[in-house]
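Sequences are here, hints too, so could you generate the full structure?
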Amino acid sequence: MHSSQHFERYNLLNGVWDEMYAKNHLIRGHYQKVIDYLSQESPEDLSRKEELAKRLFMTQGITFTVYNSGEGIEKIFPFDIIPRIITAEEWAFIERGIKQRLTALNLFLKDIYHNQFIIKDGVVPIDIVYSCPHFLREMYQLNVPYDVYVHIAGIDLIRDYDGTFYVLEDNLRTPSGVSYMLENREITKRLFPDLLPNCNVRSVTEYPSILYKNLMSLSPRQMSNPTIVLLSPGIYNSAYFEHTTLARLMGVELVEGRDLVVNNHTVYMKTTTGLQQVDVIYRRVDDDFLDPLVFNPNSVLGVAGLMGAYRKGNVAIVNAIGNGVADDKATYIYVPDMIKYYLNEEPILKNVPTHRLSNADDREYVFKNINKMVIKKTNESGGYGMLMGHAASDEEINKYKQEILKDPRSFIAQPTISLSSAPCYIGGELQPRRIDLRPYALCGPDGIEIVPGGLTRVALTEGSLVVNSSQGGGSKDTWVLNPTTDQ
Amino acid sequence: MLSRVAASFYWLSRYIERSDGILRMLKINYASSQDSVQGFSWEPVIRIFSGPDQELINRLKNDSRAVLKYLVIDKENANSILNIITLARENARSVQEHIPKDLWQCLNEYYHTVKEPRIAAGLKKDDPISILDVLIKQVMLYYGTAEITMERGQTRSFMNIGKYLERAIQSIDILDVKYGSINDNPNLLTDITYWKHLLQSIGGYELYQKTYRNGLEAENVIEQVVLNNDFPRSVIYSINNIQRYFDRLKNNSNVNDYREISFHIGKLQSNIKYSSVKSIGQVGLHQFLTHTKDDLYKIGSSLNEYYFANS
Chain B
0 MHSSQHFERY NLLNGVWDEM YAKNHLIRGH YQKVIDYLSQ ESPEDLSRKE
50 ELAKRLFMTQ GITFTVYNSG EGIEKIFPFD IIPRIITAEE WAFIERGIKQ
100 RLTALNLFLK DIYHNQFIIK DGVVPIDIVY SCPHFLREMY QLNVPYDVYV
150 HIAGIDLIRD YDGTFYVLED NLRTPSGVSY MLENREITKR LFPDLLPNCN
200 VRSVTEYPSI LYKNLMSLSP RQMSNPTIVL LSPGIYNSAY FEHTTLARLM
250 GVELVEGRDL VVNNHTVYMK TTTGLQQVDV IYRRVDDDFL DPLVFNPNSV
300 LGVAGLMGAY RKGNVAIVNA IGNGVADDKA TYIYVPDMIK YYLNEEPILK
350 NVPTHRLSNA DDREYVFKNI NKMVIKKTNE SGGYGMLMGH AASDEEINKY
400 KQEILKDPRS FIAQPTISLS SAPCYIGGEL QPRRIDLRPY ALCGPDGIEI
450 VPGGLTRVAL TEGSLVVNSS QGGGSKDTWV LNPTTDQ
Chain L
0 MLSRVAASFY WLSRYIERSD GILRMLKINY ASSQDSVQGF SWEPVIRIFS
50 GPDQELINRL KNDSRAVLKY LVIDKENANS ILNIITLARE NARSVQEHIP
100 KDLWQCLNEY YHTVKEPRIA AGLKKDDPIS ILDVLIKQVM LYYGTAEITM
150 ERGQTRSFMN IGKYLERAIQ SIDILDVKYG SINDNPNLLT DITYWKHLLQ
200 SIGGYELYQK TYRNGLEAEN VIEQVVLNND FPRSVIYSIN NIQRYFDRLK
250 NNSNVNDYRE ISFHIGKLQS NIKYSSVKSI GQVGLHQFLT HTKDDLYKIG
300 SSLNEYYFAN S
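From first to last, the protein sequence lines stand for chains B and L.
Numbering of the first sequence is given in numbering that gives the first Met the number 0, commencing with residue 0 and proceeding in unit increments.
Numbering of the second sequence is given in numbering that gives the first Met the number 0, commencing with residue 0 and proceeding in unit increments.
Because the hints were derived from the structure by calculation, they are not lab data.
Note that CB positions come from ideal geometry on N, CA and C, so glycine has one too.
Treat each hint with caution, since some may be false.
As the list claims (entries may be wrong) - Straight-line distance between alpha carbons at most 27 angstroms, and here's what the computed DSSO-like set of lysine-lysine pairs gives:
{"no.": "1", "chain 1": "L", "residue 1": "K249", "chain 2": "L", "residue 2": "K266"}
{"no.": "2", "chain 1": "L", "residue 1": "K114", "chain 2": "B", "residue 2": "K74"}
{"no.": "3", "chain 1": "B", "residue 1": "K188", "chain 2": "L", "residue 2": "K100"}
{"no.": "4", "chain 1": "B", "residue 1": "K53", "chain 2": "L", "residue 2": "K74"}
{"no.": "5", "chain 1": "B", "residue 1": "K48", "chain 2": "B", "residue 2": "K74"}
Claimed, not checked - Label pairs and their computed distance ranges (CB to CB):
{"no.": "6", "chain 1": "L", "residue 1": "P116", "chain 2": "B", "residue 2": "Q276", "range": "49 to 55 angstroms"}
{"no.": "7", "chain 1": "B", "residue 1": "P192", "chain 2": "L", "residue 2": "E115", "range": "26 to 32 angstroms"}
{"no.": "8", "chain 1": "L", "residue 1": "P231", "chain 2": "B", "residue 2": "N481", "range": "55 to 61 angstroms"}
To be verified - To list a few chain L residues with every Cβ distance to chain B over 10 angstroms, as calculated:
{"no.": "9", "residue": "G121"}
{"no.": "10", "residue": "I271"}
{"no.": "11", "residue": "S278"}
Okay, here's the thing in structure tokens:
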């Protein structure tokens with residue numbers, strides 16, 4: 000038994016919730032089987048598995064390309080071989096919370112683009128909506144099929160020092176990463192034979208078929224075989240691997256803007272036999288680039304006339320256009336109020352306490368306590384434009400303050416949350432690293448479905464709290480256990 | 000199927016076929032360079048695969064290692080195996096959801112193999128034939144995998160049209176350049192090893208020996224490379240296959256577009272079918288080959304216009 004080798008030296012971080020250990024090296028029950036398994040493996044065995052994982056990702060082309068001085072360098076999204084485990088109970092809670100939250104956010108989008116009751120009733124301030132660059136007048140009074148705006152959502156969750164789950168961010172536009180959820184699981188099957196069934200881990204393979212079923216139900220032409228396409232910006236997009244994976248798994252056509260053309264408010268794709276009508280577009284192109292006639296006129300990623308076809312109801316677009324007004328970081332503050340307003344329910348999942356910097360009192364408080372704060376731009380994603388107060392120099396802080404004062408609407412501040420940690424295999428031993436979780440929710444006419452799992456992102460750098468892949472983060476396979484085997 | 004997808008399959012296939020041609024040429028010519036008493040010249044090979052840049056030819060023609068490096072792994076050479084495979088893979092990547100996963104992995108491995116440091120090191124100081132064999136094996140794996148995994152439909156037709164078009168052009172180029180060299184050095188006409196290497200570099204030596212038993216003669220070589228229906232690298236064999244796979248697109252085509260290209264292919268096919276070594280001689284080999292190549296290019300550009308929506 001090599002047990003001691005891996006676990007005796009595992010140093011819990013002070014004041015951090017660890018997914019595997021309770022205190023005093025007391026292992027949480029749901030990690031026991033994995034630990035028993037790992038204990039039989041020597042560090043060499045595990046390093047070999049790590050190598051195997053890298054090779055599998057590489058030969059299968061599960062990579063993203065970084066373009067540097069004209070030359071493409073292919074990288075694999077760093078993968079940690081030790082799975083992150085979520086109990087059935089925790090999952091049931093997460094699932095309820097996300098469904099509730101998404102239901103409210105979806106109602107908010109419908110309301111905001113129609114009667115705007117929530118503004119009239121003074122629950123959400125008017126300026127939050129109208130100053131949001133992602134609030135699109137073009138969507139006003141436009142009806143979308145089944146009133147579903149958010150077909151695919153990635154809700155980022157974190158856990159604080161006491162294990163409480165918080166929603167960090169709602170991603171309601173084109174959330175990415177789901178292909179890594181699927182591929183990580185495939186790789187884990189290869190790395191740890193028999194372990195998944197022994198641990199009774201729930202499967203994630205249903206994702207593409209649920210998505211396909213939902214896409215199909217949105218077709219404006221009621222027919223058995225509508226044309227569904229996935230619109231990608233093309234092979235140079237960093238998420239291109241994901242686009243091909245999803246298209247392949249669903250058996251739908253992967254198209255680029257140049258493959259499509261709009262004629263008489265109808266979208267067609269150019270095929271070897273002529274034009275073929277398109278019914279549903281799962282677009283992975285941002286709003287701004289979708290239609291040069293309506294949005295950014297310089298864009299070649301979209302299709303001229305697409306918005307007109309959408310408005311006429313001749314084509315369904317997923318996710319709906321204009322969703323950005325709901326996942327803006329300034330709107331985030333009001334999501335608990337939306338839940339109460341639309342559903343008359345208490346929010347299940349908590350928000351991280353958030354300060355609006357356009358509010359003078361908030362701003363004063365934040366500036367005073369800036370060392371305990373994380374400040375973010377409301378319209379940036381991927382960990383860009385953040386200030387981590389505890390780690391920034393005085394000079395950086397002052398510069399950032401100047402920027403805030405110029406345009407306070409574009410910033411929010413949150414207390415630094417001590418993200419939970421999970422064991423990672425780094426440098427030949429297990430070490431705790433900070434993680435978050437992005438489950439993927441799919442909303443269709445029949446309701447919301449969440450595949451049991453998600454993308455666990457890891458801050459691989461020691462001491463780091465930033466998990467974004469663009470900031471050097473990695474990922475882990477995410478296991479959700481079946482209720483029957485919970486200990 | 001999407002026009003862009005059809006075009007990607009066509010180009011993917013052309014690039015793979017080209018890489019196969021280059022690798023086999025290099026292998027045989029390298030062997031030949033070790034064989035010849037007087038200075039071996041790489042000029043024809045460089046001409047076929049990199050064009051007529053005389054400065055480049057002079058710099059490389061007597062240096063086998065430098066030619067190998069240039070044609071296999073040089074990033075600056077647009078037609079190096081490395082760059083061709085990168086392009087093939089980019090084409091495959093852009094239609095990944097249409098390619099069987101096995102085939103994609105094959106291509107991906109081919110790409111990663113070319114980039115392995117052992118390839119560069121081997122070309123520089125070890126036995127280059129072993130290195131070229133490693134790469135040739137990758138192409139063969141690709142062809143085998145394509146054969147058993149590709150669905151029998153339009154995609155495969157476009158792939159095969161690309162493959163045979165590229166192959167026909169290559170066989171023509173090889174024949175043309177090799178004959179062109181004779182003008183500079185008439186002794187080659189009776190040099191048996193010269194013809195032997197030409198045939199070997201397109202895998203036709205064994206068949207030649209079985210077909211013609213009276214030694215190597217230039218006229219017989221022309222006959223085999225242009226007119227032999229059973230030789231998989233002959234011009235007529237390739238054009239017959241272009242015709243065959245294009246024909247399969249008929250039911251999925253716009254009638255007029257189909258007719259237009261079908262006419263071109265049929266005309267070219269008849270033209271070769273009803274030629275003989277003698278009639279080719281009357282036109283002049285170089286003339287004949289140039290006309291044939293022009294017709295092949297014309298088929299390529301019509302496909303581009305009518306099927307790939309790039310007019």
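Identify every previously stated hint that the structure contradicts and give their numbers, smallest first. Going through the list in order, the structure violates no hint and respects every one.
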